[in-house]
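Colleague: Sequence:
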Amino acid sequence: MIPMVDVYEKVIDLSRRRGFVWPSGEIYGSVAGFIDYGPLGAMMKRRIEDIWRDFYVVREGYYEIECPTIGIEPIYIASGHIKGFSDKMFQCPHCNEFFRADHVAEEYSIRNASSLSKHGLMRALTDQNCISCKKPLGEVEVFDFNLMFNTSIGPGGSRKGYLRPETAQGIFTDFGRLLRFYRDTLPFGTIQIGRSYRNEISPRQGMIRLREFTQAEAEIFVHPDQKDHPNFARYANYEMPLWGMDHQEGRLDPVVVPMSEAVESGLVANEYVAYYLALTHEFMLKIGVDKDKIRFRQHLPDERAHYAADCWDAEYFSSRFGWVEAVGIADRTDYDLEAHAKVSGEKMTVFIQYPEPRLEQKRTIVPKMGLLGPRFKTRAKEVGEKIAASHPRERGTYIILDEEEVFIERELFDLRDEEVLVRGEEVRPHVIEPSYGIDRLCYAVLEHSFYQDDVEGEVRTVLRLPPIVAPVKVAVFPLMTRDGLEEIARGITDAIKKEGILAEYDDSGAIGRRYRRQDEIGTPFAITVDYDSKEDGTVTLRERDSMQQIRLPIQDLPETIRKLIKGEMQFNKA
RNA sequence: GCAUCGAUGGUCUAGUGGUAUGACUUUGGCCUUCCAAGCCAAUAGCCCGGGUUCAAUUCCCGGUCGAUGCACCA
Numbered sequence: 241m242i243p244m245v246d247v248y249e250k251v252i253d254l255s256r257r258r259g260f261v262w263p264s265g266e267i268y269g270s271v272a273g274f275i276d277y278g279p280l281g282a283m284m285k286r287r288i289e290d291i292w293r294d295f296y297v298v299r300e301g302y303y304e305i306e307c308p309t310i311g312i313e314p315i316y317i318a319s320g321h322i323k324g325f326s327d328k329m330f331q332c333p334h335c336n337e338f339f340r341a342d343h344v345a346e347e348y349s350i351r352n353a354s355s356l357s358k359h360g361l362m363r364a365l366t367d368q369n370c371i372s373c374k375k376p377l378g379e380v381e382v383f384d385f386n387l388m389f390n391t392s393i394g395p396g397g398s399r400k401g402y403l404r405p406e407t408a409q410g411i412f413t414d415f416g417r418l419l420r421f422y423r424d425t426l427p428f429g430t431i432q433i434g435r436s437y438r439n440e441i442s443p444r445q446g447m448i449r450l451r452e453f454t455q456a457e458a459e460i461f462v463h464p465d466q467k468d469h470p471n472f473a474r475y476a477n478y479e480m481p482l483w484g485m486d487h488q489e490g491r492l493d494p495v496v497v498p499m500s501e502a503v504e505s506g507l508v509a510n511e512y513v514a515y516y517l518a519l520t521h522e523f524m525l526k527i528g529v530d531k532d533k534i535r536f537r538q539h540l541p542d543e544r545a546h547y548a549a550d551c552w553d554a555e556y557f558s559s560r561f562g563w564v565e566a567v568g569i570a571d572r573t574d575y576d577l578e579a580h581a582k583v584s585g586e587k588m589t590v591f592i593q594y595p596e597p598r599l600e601q602k603r604t605i606v607p608k609m610g611l612l613g614p615r616f617k618t619r620a621k622e623v624g625e626k627i628a629a630s631h632p633r634e635r636g637t638y639i640i641l642d643e644e645e646v647f648i649e650r651e652l653f654d655l656r657d658e659e660v661l662v663r664g665e666e667v668r669p670h671v672i673e674p675s676y677g678i679d680r681l682c683y684a685v686l687e688h689s690f691y692q693d694d695v696e697g698e699v700r701t702v703l704r705l706p707p708i709v710a711p712v713k714v715a716v717f718p719l720m721t722r723d724g725l726e727e728i729a730r731g732i733t734d735a736i737k738k739e740g741i742l743a744e745y746d747d748s749g750a751i752g753r754r755y756r757r758q759d760e761i762g763t764p765f766a767i768t769v770d771y772d773s774k775e776d777g778t779v780t781l782r783e784r785d786s787m788q789q790i791r792l793p794i795q796d797l798p799e800t801i802r803k804l805i806k807g808e809m810q811f812n813k814a
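First residue of the first sequence? That's 241 in the numbering used here, and the numbers climb one at a time after it.
Think of the hints as simulated: they come from the structure by calculation, not from any bench.
C-beta atoms are modelled at their ideal positions from N, C-alpha and C, and glycine is treated no differently.
Please note that a few of the clues may not be correct.
Distance condition first, Cα-Cα at most 20 Å in a straight line; then the derived SDA-like pairs of lysine to any residue [what the hints assert, rightly or not]: (1) Lys-467 x Gln-593; (2) Lys-582 x Ala-629; (3) Lys-608 x Pro-632.
Computed Cβ-Cβ distance ranges for the label pairs, DEER-style [what the hints assert, rightly or not]: (4) Val-583 x Glu-381: 37 to 43 Å; (5) Asp-465 x Asp-493: 42 to 48 Å; (6) Pro-595 x Asp-493: 24 to 30 Å; (7) Gly-752 x Asn-812: 19 to 25 Å; (8) Val-667 x Ala-282: 40 to 46 Å.
Could you build the full structure based on these sequences and the hints that come with them?
Modeller: Set out below in structure tokens:
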């Protein structure tokens, strides 16, 4: 093994050279935060997404939907992105530097700076000096900088639109239709893979922080009182490193415990969260993230959203960036559905039938509008509604009118007590949300598969991609470009392609060079046609990682390679 | 966004006020019976804009991108 100076540099260099990833729009000078996936990168990303679909759509049964990347304003008012996703900023008139207004105000010990209005912050800053150039600020303009890209819809531009900052909102706004699709039962889940956009102030970590990125999100709607996953047994004994908040605060290492124990001890809030933690771990291993460089870190109370019952990040270790968050798994409770219910006026609930209808006492308050009208005039309707929602006592009830408590005599309303048969209740589901940053995972896979071996004094660069992730599955070489070896090799290439497996024919340069070329792009297998092939119809099959070769008949190739890629067969047993 | 440093073929690099060195890669040819061999040839470059100058890849200013620190973000 050759010591790695800076793996990041080498991985990025290889990515550019061999067509995995490069900066977007280079001929006009690139802008930070945007990348292009080249021919091999796009294919590798697609494979990773397909494996993800295998886990969530095929195995879990959560169907995929596709929503627009542009959303209208009310969506993001409800989601909180209009408010919570923006920072109040200002620019120093002298040094032109931008600052967060509330942070600077805090520097000057102004209380509650983060809750001050734009105007309030402006006034607070007027008498202060710039924290950078030290000159007096004067009346600076405090403006909102929102991390969402905005646009306008239609020729008049009358409707404001935003590029979505996450794919999740599309699933939430479709809740009603999805619920009917799943025939009004809980639990159900829906997934979406797509682009999201955040106008980061200064993205500077290559593929790690992008302004346009691909998310794969699942929104799983569960009954608030039933957070036991029906298939939890699958992962009950699954073990992986969990770094709970107590351990983080006590500066202790992550613990490795079975998921069942993690739930029982309260480390993980419930089976649903635990299930997707384990599933995520399994998924990350499958796509080629290094097992020894994964941990699951629980959000500390101050970084966790106030509504979240529990939240964990799957992190991987990068030699360049340290621990990188790649997946977030949260129990978001009913926060999102409730928020959309409030703004949209839709119910966003599920009617859950009781096993047996229940006979319940029900008290209805009926205001006597005939008496309220003359007394309260135009306010009568409002008063009536408030009476109906109040809690009457024996002599009457109290309501709040114009911030004053008003007593309403018993004569002004009727009470009807009746027995009703209640067949069920409206329940607002809780949402379990695993959210994957596909680009960050792509980088993890590239960095963790990157190896430089020493082969007889020469450096051999090899991407040890799992065969299912590798863009090209098999390379076919004629040993010599003569005596009909090419024809045999081309025939083999075609036969393998017919199986739907991507094979690449290459007869350029010395055989060793061709092996190296394929090693560098992670092609797991290589077939070489030599002179014996002409005699007995066999070829050599070489495995990328071990560089071992075996001989086998040409007609067995497509089937053997298919099994090797799927992991149904080990190379040394082929 | 600010400060410091940097940017030369696909990659790594030499060098310069008068259009650029070498290596690797790639392509074609020769040679070659399994891990970047050899020979011949070809392709290909001074980040962008402005200024100074007869002339700018070189000097100056601004920008973009990258690295580092701050800020921001997770």
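Colleague: Now look at each hint and say whether the structure bears it out.
Modeller: Outcome of the hint check:
Only pairs whose Cα atoms come within 20 Å are accepted, and Lys-467 paired with Gln-593 is accepted, the gap being roughly 18 Å. Taken as a hint, the Lys-582 and Ala-629 pair is honoured in the structure, with Cα atoms around 18 Å apart against an allowance of 20 Å. Note on Lys-608 and Pro-632: the hinted pairing holds, with a Cα-Cα distance of about 14 Å set against a maximum of 20 Å. In this structure, Val-583 and Glu-381 break the distance hint of 37 to 43 Å, their C-beta atoms being roughly 30 Å apart.
Taking the beta carbon of each, Asp-465 and Asp-493 are about 35 Å apart, not inside 42 to 48 Å as hinted. At roughly 46 Å, the beta-carbon separation of Pro-595 and Asp-493 lies outside the given 24 to 30 Å, and the hint is violated. The hint said 19 to 25 Å for the Cβ distance between Gly-752 and Asn-812, and at roughly 23 Å that hint holds. The hinted window of 40 to 46 Å between Val-667 and Ala-282 holds, with their beta carbons roughly 42 Å apart.
Hint check: violations occur at hints 4, 5 and 6; the rest are consistent with the structure.
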